[in-house]
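2 protein chains.
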Amino acid sequence: MPQTETLIDPARALADLDALRDLTGGPDGSRRLCWTDDWTAARGLLRDRLAELPVTVDTDEAGNLWGRLAGRTERTVVVGSHVDSVPAGGWLDGALGVMGALEVLRTLATAGTPPACTVSFVDWADEEGARFGRSLFGSSAVSGTLEPDLVRDLRDAGGERLEDVVRAHGVELDRAGEASTRLRDVAAYLELHIEQGPVLESEGLVVGTVLGTVGVERHRATFEGQAAHAGSTPIRHRRDSFLAAARCALELREIALRHDGVCTVGRADCTPGVVTAIPGRTEILIDQRHLDSGTLALMLSDAKDAATRFAAEEGCTVEWERLWAIEPIPFDADLIEIARAACREVTRSDRALPSGPLHDAAEMARHVPTVMLFSSSTGGLSHCKEEDTPVEHLEAAIRAFGLTATRTIDRVARA
Amino acid sequence: MPQTETLIDPARALADLDALRDLTGGPDGSRRLCWTDDWTAARGLLRDRLAELPVTVDTDEAGNLWGRLAGRTERTVVVGSHVDSVPAGGWLDGALGVMGALEVLRTLATAGTPPACTVSFVDWADEEGARFGRSLFGSSAVSGTLEPDLVRDLRDAGGERLEDVVRAHGVELDRAGEASTRLRDVAAYLELHIEQGPVLESEGLVVGTVLGTVGVERHRATFEGQAAHAGSTPIRHRRDSFLAAARCALELREIALRHDGVCTVGRADCTPGVVTAIPGRTEILIDQRHLDSGTLALMLSDAKDAATRFAAEEGCTVEWERLWAIEPIPFDADLIEIARAACREVTRSDRALPSGPLHDAAEMARHVPTVMLFSSSTGGLSHCKEEDTPVEHLEAAIRAFGLTATRTIDRVARA
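The listed protein sequences derive, respectively, from chains A and B. Those letters in the first sequence? Residues 2 to 416, per this note's numbering, in order. Those letters in the second sequence? Residues 2 to 416, per this note's numbering, in order.
Since the hints were derived computationally from the structure, they do not count as laboratory data. Some clues are possibly wrong.
Heads up, the list lumps identical chains together, so a pair's fine if it works in one copy or across two of them.
Unchecked claim - With a straight-line cut-off of 25 Å between C-alpha atoms, the simulated SDA-like cross-links for lysine to any residue are:
| # | residue 1 | residue 2 |
| --- | --- | --- |
| 1 | Lys-386 | Thr-41 |
| 2 | Lys-305 | Val-275 |
| 3 | Lys-305 | Gly-45 |
| 4 | Lys-305 | Glu-252 |
| 5 | Lys-305 | Leu-251 |
| 6 | Lys-305 | Asp-270 |
| 7 | Lys-386 | Thr-318 |
| 8 | Lys-386 | Gln-227 |
| 9 | Lys-386 | Pro-235 |
The following block holds chain A by itself, in its conformation from the complex (with noise of 0.2 Å):
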């Protein structure tokens, strides 16, 4: 029997994604928004991928479309990633992992003998959250995170509320959650998807291994002083929330650079607000992420201290609320060795990196060794019509990822 990875056509996933593009996307970017026609449209299109090999196909309590190909053994390895997209999205956010993932389906399943576990192509339904406002929906359902009560009622921007419009695609929210039988002999799960981040490709690489999902601390510090005329007031008498929350910013970014890790401050909001009146109250959103929960939370209260000497010296007040949280979700070790290994060979880097972006792999991780594998991105954008990987990136990404699961699951297998 050949190798399976040398039997991996990554021109075959290439073309599968040019035809989900020419369904669903074109010069205006994806139009993949879960639960629309276009999402339905790039399912058939799986759909018929699958109906061509001999494999189980079937859509799971939460709506996630599975395509599972019997082993030697009941010991399974899950592939995937989301066909689903933002409106006016990239062509290759999620559909590179799907399709990168189907090709690893359909070598094996073309391979003549059932490949040595059970290997399941997994299509998570609204990873990008894009339409309710809740990214994850699918995997979350599988690994026990989704709670029908806190989302039955989000209603997206024509006023159709979640619990309905999943229904009307066979989801039945209070047993979406029944999803989770099918982590019943999960031994690993893989993911490929593109960075969107420029990490990779200002170092000139083509791929990197993931070592897991990044915690987050997402916050509002509002800042109070006092709102005053803008031409009465000389400059020693004010108590300027808006500059208070400048130096608050600017240091933020010296917290992240310090302890390697990233922080935003994506929008500042100033009461009242006109160009006439010194800002009495200035709120900064701000988001900050790293690997390591024990420097996240450092990062936190470095921030803190920062805005509270900062307001102190401006003759402010500064108070934080949580806006969301979560844990770092580190990935497999032995699996990241496999996938480091992987691409070492096929692009001769075994560069390593968080991803900041979450990803149903996250989910995953919860419960199953996970990794994942990251293409480039042209120019590190992602979530837009520009959204790009040279082809050649693309091709090796994909060798790459079928490496991993081939090496993956003669691991499960042996195990």
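Position chain B relative to chain A; hints supplied.
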């Protein structure tokens, strides 16, 4: 004949202020928004007071209310301010000057002999511009800077057009400029006002002489960087427009301090403005003020240099758009000396300071020698119901204003 200044009775002016507050103010603040029934009621109170005096009362083509006390010459000293207020405004902004001027007129009108020159009281229409956004309506009509075509179609929050609203109050907009005939024979304009800032109070002072109104340069600076994912973009790869703007805002303060002016960043708008994205574009609104036009120009050029430098250091660009500007309007040197002497005699201090806010006096100063006096403002607060000044400060300010008026009258009569 007794010295007129010894007959000035601040208690009568304070009683008038109380009556005005009873009629058009209260616990929620003043409600003398111009061109409304409450403003008309305030005008009615003024007409009642003027009707008790041997003065000629009329309203000009721009809606300004005049009360003329003929003196021994046609040459005229004008005293006045504005009775209109912002919604939920303070009880003293404008009203102090109106009642102070009325008390000067009353003292002179009841002295038994005509004053040495003619004295006119004026209540300017719509100083605040709080309803249509165009301040100094009546005084700019008199000074010739009101352009009907620029204000005709301004609409209030209820959608009513300025031209229609002023017509309902007897003002034909296209004839408002004819009020400029009121400048004939005017030899001086004097106005008392609250400071609306913290300078006098912070120095333990009661009253001050105003050197002029500062010049204003008002701009929107737009920093353009690159929007990118808050999680996937390392700090060193970012082109963060908000941090460029934050550094600029902090430097703008240093520039103001260096030049002894003021500068305010009243608002910052980030795009896309979400916590998960680095701001690709940040607009800040900038207001710079100084009493000297050359220094103001220098402040602006320093600000542009700083913005360009910080933008470049952050990998961004910056564009400036002028929103509005006005030259500094210095008051009359001789009248400033008279006012400072009067303040010194009443309060033992001759502090002089620029006015950050604009006033009707700035329009008059374009054509006639002008000076203003400021009383202290508690906490520097104005345009709010908390606006206040200690009664003994009001009394001293009215006395100093009366002394300034009688000496100016003597001077004009002698000239």
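Cross-check of the supplied hints:
Taking identical chains as interchangeable, the C-alpha atoms of Lys-386 and Thr-41 lie at most 25 Å apart only when both belong to the same chain, with a minimum of 20 Å there against 59 Å between chains. For the homomeric pair Lys-305 and Val-275, the shortest alpha-carbon distance between copies (21 Å) is at most 25 Å, but the shortest distance inside one copy (28 Å) is not. For the homomeric pair Lys-305 and Gly-45, neither the shortest alpha-carbon distance inside one copy (50 Å) nor that between copies (56 Å) is at most 25 Å. In this assembly of identical chains, Lys-305 and Glu-252 lie within 25 Å of each other by CA distance both inside one copy and across copies; the values are 11 Å within and 24 Å between.
Both within a single protomer and between protomers do Lys-305 and Leu-251 lie at most 25 Å apart by alpha-carbon distance, with minima of 13 Å and 20 Å respectively. Taking the closest pair of Cα atoms, Lys-305 and Asp-270 come within 25 Å of each other both inside a single copy (19 Å) and across two copies (23 Å). In this assembly of identical chains, Lys-386 and Thr-318 lie within 25 Å of each other by CA distance solely across copies; the values are 24 Å between and 42 Å within a copy. Taking CA atoms no more than 25 Å apart as the test, Lys-386 paired with Gln-227 passes between copies only; the shortest distance there is 15 Å, against 44 Å inside one copy.
Taking the closest pair of Cα atoms, Lys-386 and Pro-235 come within 25 Å of each other only across two copies (22 Å); inside a single copy the shortest separation is 49 Å, beyond that limit.
Taken one by one, the earlier hints fail for this structure only at number 3.
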